[in-house]
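Take the sequences, apply the hints, and build the full model.
Protein chains in written order, with my numbering: chain B, -19 to 265; chain U, 4 to 359; chain E, 56 to 473; chain W, 48 to 310.
Source of the hints: derived by calculation from the structure; they are not laboratory data. You may find that some hints are simply not true.
Calculated pairs, BS3-like style, for lysine-lysine (alpha carbon to alpha carbon, straight line, at most 27 Å) [as the list claims (entries may be wrong)]:
1) 384(E) to 33(U)
2) 161(W) to 87(E)
3) 133(W) to 195(W)
Heads up, incomplete: computed chain E residues facing chain W, CB under 10 Å, no partners named [what the hints assert, rightly or not]:
4) 168
5) 205
6) 215
7) 220
8) 472
If you anchor each label on the Cβ, the simulated ranges turn out as follows [as the list claims (entries may be wrong)]:
9) 58(B) to 300(U): 23 to 31 Å
10) 130(W) to 155(B): 47 to 55 Å
11) 280(W) to 86(U): 41 to 49 Å
12) 280(W) to 225(E): 29 to 37 Å
13) 280(W) to 243(U): 35 to 43 Å
14) 158(W) to 76(E): 57 to 65 Å
Note that the Cβ used here is the ideal one computed from N, Cα and C, for glycine as well.
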Amino acid sequence: MPDKTRQKEAPLRNEYLPDQALVLEVRELAPGIHHFVLEFVDPVLRENFSFCSGQFLQVSLLGIGESPISICSPPTQQGSFELCVREAGNLTQALHRLQPGDSLWVRGPYGQGFPLAEMAGQDLIFIAGGIGLAPLRSAIDCAVCLNDEFGELTVLHGARSPDFLLFTDEYETWRQSGRVETIVDEAPPGWRGQIGVITALLDLVNPAPENTSVLICGPPVMFRFVLGRLKELGFEDTRIFISLERHMRCGVGKCEHCVVESFYTCRQGPVLSIEQIRGISSALR
Amino acid sequence: MAYGYDAHPALRRWLLELAADYRVLVPAEKGGNRIFQEVGTTDALVFGLAQDRTVLPAKKAFLPPEEMLFEFSAGRILPAMPLDDTIVFGLHVCELSADRLLTANMTHDRPDFHYLVRRNGGIIAGVSCRRTSGCFCEKTGHDQIVPGDFDLFLDLDGCPGWDSAGTGEQCGGGAKTSVAQPRLIAGSAAGRKLAASAPFPLENATGAIRAPVAAASSKTWPLDELPARIRDSFGATIWDDLAARCLGCGNCTIVCPLCYCFYTRDETGLAPETGRRLRLWDSCQLLAFARVAGGHNFRESRSERIWYRFSHKFMRMQETLGHAGCSGCGACFHFCPANIDPQQVIADVLEVTDSA
Amino acid sequence: MKIKLEHVTRIEGHASLTVMLTEGKVHSVRLKYEEGARLFEGLLRGRNFFDAPTIASRICGVCPSVHNITAIKAMEQALGVSVDPVTDKLRRLMILAQWIQSHTLHAFFLALPDYLGAESAISMASEHPDEVEVALALKKLGNDMVFVVGGRAVHPITTRVGGFSHLPPVTRLADLRHRLEEALPPAMRLARLTGELDMPDFSRKTTYLALVDPDEYAYYTGEVCSSEGYCSTPDDFCSTLREVVRPDSTAKAGLHEGRGFFTGALARINLSHELLTGGAGSILRDSPHSFPNYNTFLNTFCQTVELVHAMTESVRLIDELLAGDLVTKTPEIAVRAGSGVAATEAPRGTLYHAYTLDDEGLIVDDNIITPTAQNLTNLEDDIDLFVEQRHDWEAARLIEGIERLVRSYDPCVSCATH
Amino acid sequence: MGGLSPASGGRLRVGIFSLTSDAGCQLEFLNLADDLLALVRAVDIVHFPMARTFNQNGPFDIAFVDGVPARPDELALLQEVRRSTKVLAALGSCSSFGGVPAAQHFHDLGDLKKYVYRGMEDLDTLEVFPISRYVRVDLQLRGCPASKWEIMETVTALIAGRLPQLKAYPQCVDCKILENRCLLLEGLPCLGPITRAGCGVVCPSVGVPCDGCRGPTEEPNLTSAIEILTRGTTYPDLIRKFQKFCSLAPEYQEMFDRWRGLV
Ligand SMILES: Cc1cc2nc3c(=O)[nH]c(=O)nc-3n(C[C@H](O)[C@H](O)[C@H](O)COP(=O)(O)OP(=O)(O)OC[C@H]3O[C@@H](n4cnc5c(N)ncnc54)[C@H](O)[C@@H]3O)c2cc1C
Ligand code: SF4
Ligand code: SF4
Ligand code: SF4
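The structure is reproduced here in structure tokens:
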């Protein structure tokens, strides 16, 4: 018989096995973007599940595939968690057919979230382009919930058109802790809000760099402009955090898809400070 | 090519005996190639241990090109249980060294269950190396291996007849025992146990086993400096020159003992409730590797992809695991239709970063 | 009044029937092969001799192996290359396998539903599960034979001018032999059943043309002979065969000595039935039909008889192959100018490939004559007589009968319009 | 992936259509043998003139179309199929990129017709183009013939509500995994490095260099490939090899143009 003496005493954890979660609610936030409220089927997991804002899950449907999706609800929420998914390809299209009562499968949480604890006492600026609001919404809600611990909150959200502005029904709540500004690339006649690129919102709010952290998530093109503007405004690299997107398969640093020069987006990221990626030109593509 | 081992009746018998309890892989010939094959699956049972590289390295035994992560049926997940009964026989020093590093990679941080179940339950046995054309393990620091990083080692030093004469007789195979006996060196308890039934004398390891020195003297690389040098070389024209030659065919990474990237895929039958999630070898040299839904590609150009491959080996693995992610086996060079030679690439990197 | 049946179904390719009616009765019918021209003969010009077999194979997805091998034989003739016996045997095996593939497909999947009152072979599966299972197994067996020898079930890849680039493993051949033997009794049963089906009473004596070889039921060698006593080499025959170009059709129609003729299983059986081996001969003798026979509808039955023959022959060939050493010598090929003509028996009849090469081995002239094209004139004559004899039938019934008649030819429109 | 949205729930309505072709690709359905009965039990193949007497019109969840529209009525059929189909799959290399017959673009079409039809030129035949020239194509199941694996992956994926996962990477990956001898290294002109995988590398697996029937990979490095391939064959022979199946592959047009300039 094969000799088993070499097997490790501590049982190995099989990272690739997902857990089942039930869809409690679904709603369409914008064309092709759905918001899911979920709960784990396993009561122990439901109870003990914990994560940080900015972390993601590997979400899958059996027979369809698996993809990284950020958790968009705050860690403070008990019993359930939420995802916000944009239809993009195989899995995300299939997710859009889910109804309450259906299940999906998740493993995680993975990656490094926003270091909110370190930001205690500071003003926070959230800059979100499109679906990038999903991970930030977790942090915003968290900050809103722990209102006393932070200074003023500013949410800047840009979208393709007014239809694509996300979580609009929550802006009032957020505004109680600070400011929410939105801007769109283009709008139908009658739109009274801002039109233009998101940096225009920065100009509008003209934030002071002192004692402020910036949390950013959005498409790569947005990063460059926003970071350029923040630099002009005098923000320090250590205070700016971005959440990166890369092709990902395993979520645990084994499949190699998400590497950016010397870090794994899935393990060291997706949230990184500009300080951490300084000099890595390929990080901001 | 004649391999001495075929004719060694005792070795043959022993491996066949082991094959009753284990899946035993040995390098054997198939259609003009050497590949790790399962003892018992070929009639010929040709063992060729000492020369020439196999097409796929031993990694295929522990990280199969396609493997099931789990099955599912009617909304239930049935985990795959990888088999842990593999013996791979006949790895050269660089391959043992690569195996050690690959295992370290799969162990650190979040361990890879499927690989480690197979690997930890498996047994690897090395064999003396006669060097293969285009190999350069002394440059990458993979030219020695310490006991503990292998289970068994078949030491053929002093047995030249084994891999040239094709009879095995000159070396403990028959009458002419005047030449030194092959000996087994045990590196682990499992190896020692296995060796109990072996037809060769067993010795306890005394120190590191080294690969023979390269014929042409070659300078070793400044491995500690390489991460910085590779980083600095990003965007240098050497990568564009390589990109002009590279076909992007993926051969190099598939044959590399230290490449392990994968993608996943779900598969279902005509009844969609049942199916499997698979993981399959991928290659960073393929265009779609870093592409995301919607079409944006984070490594659009071939030159970036090639840089990425070398950065993984000489920068990232060196930085995270303390060893170069290249064993120096030369397989990628051997199988590259465009003749891209990592020795030349590193020489070029050193040169362009010297002048910088 | 004119009715157009856009698609004669359950044939290989796209053919339409245009039926002229007066007072509800059919008075004339026109069959048309409705596929665009692929111009293969033109495309082959300027190509290398060694590429022609690969390209020619794409003329037809149902009988690619025969196109492939016939092209190879013609090239070998043009270049004066001769091959060893093992190569010949493997090629023969591929042609027989092609018969098994194609005859099974036609007889059981395409034609049989007509006689069993089924809409398709698929719907036959519920009422005749055993028969459908046998047919599927036979199809798979034929596919696997071509796969083992040719490297792929459709469009073989191991064959080439001069020999094979890869030889089948002995174990795979032995396995095929075993499967052939196992499949033989059920195949014979199906063939017998087909012989007992109620075939339309229709007879029109025409000229029957096929390869004839005194030593065997010909398919790979032999002379082209007719039921009227004409005999010649494929080369000479090719020059007497006329292909008529029709103004509105991409298919040419064959004429021999100014008249239509029949080529295919019925012709082969009419000319060589004494040479059928194994159970095939007895199935033929025990059937209610006598041969030579002039009822075109029996072509389907003849195919099933040939299926059994091909299986028996394959077993014999595999035995011969296994008895000797399975090795081939690849002859040196000296490229030179020349021309070659080859004929083999494709499932649907005699297939001719003729090539002329220049001194670089590039094709300067070529001609490919397919059975379906050859048969077109004869099929039209059959339709005319069929309609004439049944002028009092209801149009729908008559059209269905014509469709069956067309199907019994097993026409391959792709071949016809290559 | 355009408008490809897999159906969910209900049985799939499948149509199998054949334009001008050798029909080898649709025959692959009948060649599914063991899987065929299971397939017809799992989906409704409502249109398949080669096998069925009664053939329904759309709507179809998926239509497989083999061949090229070489006649006006075939073109009309193709357009009609597109209108009534959710997922339209080009079946085989002819419909994907013209296949073997597309080599006509290296000739004068009139001359070709005259040669084949003894001087007759006014055939009712269209120039050969892939179907994507006329209609939107959701999937390409390339190959001559199309691969059974891809057919089954397409059907099973759509049943499950997944997008079919077809391979776009080069043959060499699969060829190496099979541990075949590398023919290119032996000097044979194997198009594997620049040809899409998915056939199971059938040709190199039996020692025959890949002919490229599945067409080019994305962004093939042709300059380097040509240099390497011409070590084992002449440039004209290599071009003829590319012309076998891929005369209209967009990736190859520049190479062909240069070649046309040469002769
Ligand atoms: C850390 C992280 C968090 C994310 N959070 C969200 C979110 O909250 N909401 C949301 O809608 N989208 C999010 N995305 C993007 C989302 O992962 C992709 O849209 C999704 O993977 C597309 O998968 P698909 O199967 O639909 O598409 P396909 O094109 O079919 O993708 C096939 C596979 O490629 C990989 N892949 C493709 N695109 C991406 C991508 N953009 N990022 C990572 N892997 C990719 C995945 O492994 C995927 O399974 C996030 C991405 C990352 C990296
Ligand atoms: S990079 Fe090349 S030489 Fe280095 S280990 Fe991999 S295959 Fe061997
Ligand atoms: S034989 Fe062809 S497909 Fe296979 S590795 Fe070599 S070049 Fe690639
Ligand atoms: S190996 Fe090449 S030529 Fe052969 S089937 Fe595959 S793609 Fe076509």
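Results for each hint:
{"no.": "1", "hint": "384(E) to 33(U)", "verdict": "holds (21 Å)"}
{"no.": "2", "hint": "161(W) to 87(E)", "verdict": "holds (21 Å)"}
{"no.": "3", "hint": "133(W) to 195(W)", "verdict": "holds (21 Å)"}
{"no.": "4", "hint": "168", "verdict": "holds (7 Å)"}
{"no.": "5", "hint": "205", "verdict": "holds (9 Å)"}
{"no.": "6", "hint": "215", "verdict": "holds (8 Å)"}
{"no.": "7", "hint": "220", "verdict": "holds (5 Å)"}
{"no.": "8", "hint": "472", "verdict": "holds (7 Å)"}
{"no.": "9", "hint": "58(B) to 300(U): 23 to 31 Å", "verdict": "violated (40 Å)"}
{"no.": "10", "hint": "130(W) to 155(B): 47 to 55 Å", "verdict": "holds (50 Å)"}
{"no.": "11", "hint": "280(W) to 86(U): 41 to 49 Å", "verdict": "holds (45 Å)"}
{"no.": "12", "hint": "280(W) to 225(E): 29 to 37 Å", "verdict": "holds (32 Å)"}
{"no.": "13", "hint": "280(W) to 243(U): 35 to 43 Å", "verdict": "violated (28 Å)"}
{"no.": "14", "hint": "158(W) to 76(E): 57 to 65 Å", "verdict": "violated (42 Å)"}
Hint violations for this structure: numbers 9, 13 and 14, all remaining hints satisfied.
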